[in-house]
Amino acid sequence: MKKIYVNAKKQLNQLEKNRTVLVKNAFPRAFDPITSNPKQFDFVKNKNEHFQYGYDLTKSIQFSLCTKFSTVTQSKSKHNDSENDDDDELEMEIDYKLVIKQADGTALPAKNYSVTISELDEFLLAIQNNITALLKDEEINANDYNVSFKSEKAQGAGTLLVDVCDFENFKSEYIKLIAAKRTMLILVTMKKKEKLVKRKKKESNSDDDEIICDESIPKGGNSNKIPKVSDISIIDQRIAKNVIELRKETWCSIHNRYCLKDREPHAEISNMMFST
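Start counting the sequence shown at -15; every next residue gets the next number (this note's numbering).
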């Protein structure tokens, strides 16, 4: 049975902005006007008009869903047939092995989990709790990774677990694996956080500019450069101070030079004499 999900936020195409303190989990979903039942279509149409989303419901659309709103929309997706309702509400105990593949391609050690669920969102929420616990990062949301499933011994990337159609396939495959005494593998592939990298680059632009300016200055040696005060010893600093004071005292305006003015005729003082 196909189900649809509706997001309670206006900007559905901006999944990360939908995540708030109150809505910590948002799951990507798809709506198909062809496969949805009349109740589903009417419900989506009503919300689309009420919140002025502006979606063309003659086409398939992608959106995200909070956990609480999922419960409401799922009740709209159930058929009137009592047998089907009983199947939808049937709980399953799922034993699975979780593997997290990080954005750089490395994989964390596998971890075994067991959860009792009846709906897709319950399972996805359990997986997200597993991820945040293993990575020790409460800021991770469902838009930061992809979830797929396959037999532990199977090759390939597996099948994405996104919508109810995938979930029905998952349950069917799980029953087969259990009968064959095999393990179901849940593979979580983390996405690269490109936006975060770009934001960090913008924040560091000013620092980078300063570094570039510094590197653009030629570093060739210059023996005539004036040394910094910090590079001169205390003794040399005292000598320099004394020389400056002597030059002030011995300057002779008559001869326009440094002289010993206490004798006649004046004796000239050379630079060599100051240095000694």
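These aren't lab readings, by the way, just hints derived from the structure by calculation. Treat the numbers as computed from the prediction; the structure is a model and nothing was measured. For glycine and all other residues, C-beta sits at the position ideal for the given N, C-alpha and C. Hints are not guaranteed to be accurate.
Label-pair distances were calculated between CB atoms; the ranges are [claimed, not checked]:
| hint | residue 1 | residue 2 | range |
| --- | --- | --- | --- |
| 1 | Asn96 | His34 | 42 to 48 Å |
| 2 | Lys81 | Pro17 | 22 to 28 Å |
| 3 | Ala117 | Thr19 | 22 to 28 Å |
| 4 | Asn226 | Ala251 | 16 to 22 Å |
| 5 | Lys155 | Gln36 | 34 to 40 Å |
Cross-check of the supplied hints:
In this structure the supplied range 42 to 48 Å holds for Asn96 paired with His34, their Cβ-Cβ distance being about 44 Å. For the hinted restraint 22 to 28 Å between Lys81 and Pro17, the CB-CB distance of approximately 37 Å leaves it violated. The supplied range of 22 to 28 Å is broken by Ala117 and Thr19, whose beta-carbon atoms lie about 35 Å from each other. Checked against the hint of 16 to 22 Å, the pair Asn226 and Ala251 passes, with Cβ atoms roughly 19 Å apart.
Hint check: Lys155 to Gln36, Cβ distance near 37 Å, so the stated range 34 to 40 Å holds.
The earlier numbered hints that this structure contradicts are 2, 3.
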